[in-house]
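Engineer: Chain residues, written in single-letter form:
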Amino acid sequence: MHPDLSFDQAPPIDVPFRFFLTAPLFGIAAGLLLAIVGGEMFASRWMPSALAGTHLLVLGFMLQTMCGALLQFLPVAAGANVWRPRLVAGVVHPLLIVSAVLLVTAFLGQQPGFFMAAAHGLALALGFFAIVTGIALLRTPARGATVMALRLALVALVATVSLGIVLATGLARGSELPLLALTDLHAAWGLGGWALILLAGVSYYVVPMFQLTPAYPAWLARSFPFALIAVLLGWSLLFDPQVPTRQQVAFIGGVVLSGVFALATLRLQSRRRRKVRDATFLFFRTAMLALLAVIVSVLVITWLPALQGEPRGAVWIGLLAIVGVFVSAINGMLYKIVPFLNWLHLQNLCGMRMMPPTMHQMIPEKRMLGQFRLHLAALAFLLAAVFWPLLARLAGLLFAASCAWLGYNLLGAVGVYRDFKTRIRVAA
Amino acid sequence: MTAASPATRVIDGREMQPPEPLERTLEALDTLPRGEELRLLLYCHPLPLFNILRNHGYVWQEEIFEDGTHEIRIRHG
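Chains E and S are the protein sequences, given in the same order.
The first sequence begins at 13 in this note's numbering and counts up by one.
The second sequence begins at 2 in this note's numbering and counts up by one.
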């Protein structure tokens, strides 16, 4: 059964769209960075260029779309009205862009001042965002697995940003803190907490609704975010860089747990009521298969002593998680959310006098499928480049091209929206 | 809101991706004769549709069945 949606409190369409349209630009930048730096970028995750590329994707691509989607999703699906969404977007969106650029520049140029400036910018942007969305989520009368998942995701965002600020300050000023071990914790809260719990919470809504599947099992939907948070809290509370086994156990526990979500989603997809294999379905299936590949990779690296000291192992897992899981899932969701929002806003504007363009007219399916194939090719080349560095520049160009095509497709949808809005005005 | 009329057109939107059920319903309402009824089957409570119906003078009756199907019967007000 689909959940109910209410569009009475939906924010203006430019609120989510400004985030969505910015994200592909950061994806292009990440691809071009790899194309310029080449295979050296994948030698280790501690390479400055690798850290810069990672943050172009997690801050520039992932966080941008997630913040935009949350501002739209909270009032519509969770009944949580966000205070002055246009003002929030007007503050958070530019601050996120500037902070991401500063952080990436800091990594590439090893500039202490830039680390501090980025830390301040991110603290301001995400602190404000977390307070506003947190209040909305606390006040909503809605109950259920999605609302709880969104609340826990927000807690994880705060933990991620706090650790990130500690790390940035440590890099800027020099620090006695165990920065490498703290980086693992920061990444775990960011990817395994904020990103994965948010993805799960949103999936509880959009997978049954847009992919025509049965609902997620109630026990899974409720317990999965709590279980992930419990693992992350355990890792944090028992944090001791001198005892790496603890971190390893928590890491493997969290990764295996995420497999439950991946398998549940794949099972729902296999039981969908109408066998539509559109771009969103394919992107989502890719994301879930990549999540399973992350688990297999982690287990193989953990149990094969020859691979344990191999720095490229972490790069492989990072690429699978960030590009394979999250960029794929977000890309697929954008292809439903953007045309759907277009349609609803146009429908609201024209009432029953005119019929807005259909979803397929907003972004033609052929273009979305073409971009999906390019994304798959980019992912394959990125993974291959971990072991064959000569492929890295080509992989970077393919990924940049895929993100450019995504941006082009989204802009096309915005163009359709604008044209039809003009027609409504003329007709009135 | 009244009971079902003899002439009823049916849109089964349970296996359609949003917003297709809404699109088809609005198209069908455009040509719905007075006195006839449109029967819409969905797996959700379509709040956006209700807002449109209210604003354009339609009346409706909703019933929820055990399998989760929402049956919405719409006619001119």
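You may find that some hints are simply not true.
[Unchecked claim] Derived, one-sided and incomplete: chain S residues facing chain E with beta-carbon distance under 7 Å:
1. GLU16
2. GLN18
3. PRO20
[Stated by the list, open to error] Over 10 Å on every C-beta distance to chain E, these chain S residues come out as not near it, computed from the model:
4. ARG10
5. VAL11
6. MET17
7. GLN62
8. ARG74
Since the hints were derived computationally from the structure, they do not count as laboratory data.
The model shown is predicted, which means the values in this text are computed figures rather than measured ones.
Beta carbons: idealized from backbone N, C-alpha and C, even for Gly.
Engineer: Each hint needs a verdict: does it hold in this structure or not?
Structural biologist: Hints and how they fare:
no. : hint  : result
1   : GLU16 : 5 Å, holds
2   : GLN18 : 6 Å, holds
3   : PRO20 : 5 Å, holds
4   : ARG10 : 17 Å, holds
5   : VAL11 : 18 Å, holds
6   : MET17 : 8 Å, violated
7   : GLN62 : 18 Å, holds
8   : ARG74 : 18 Å, holds
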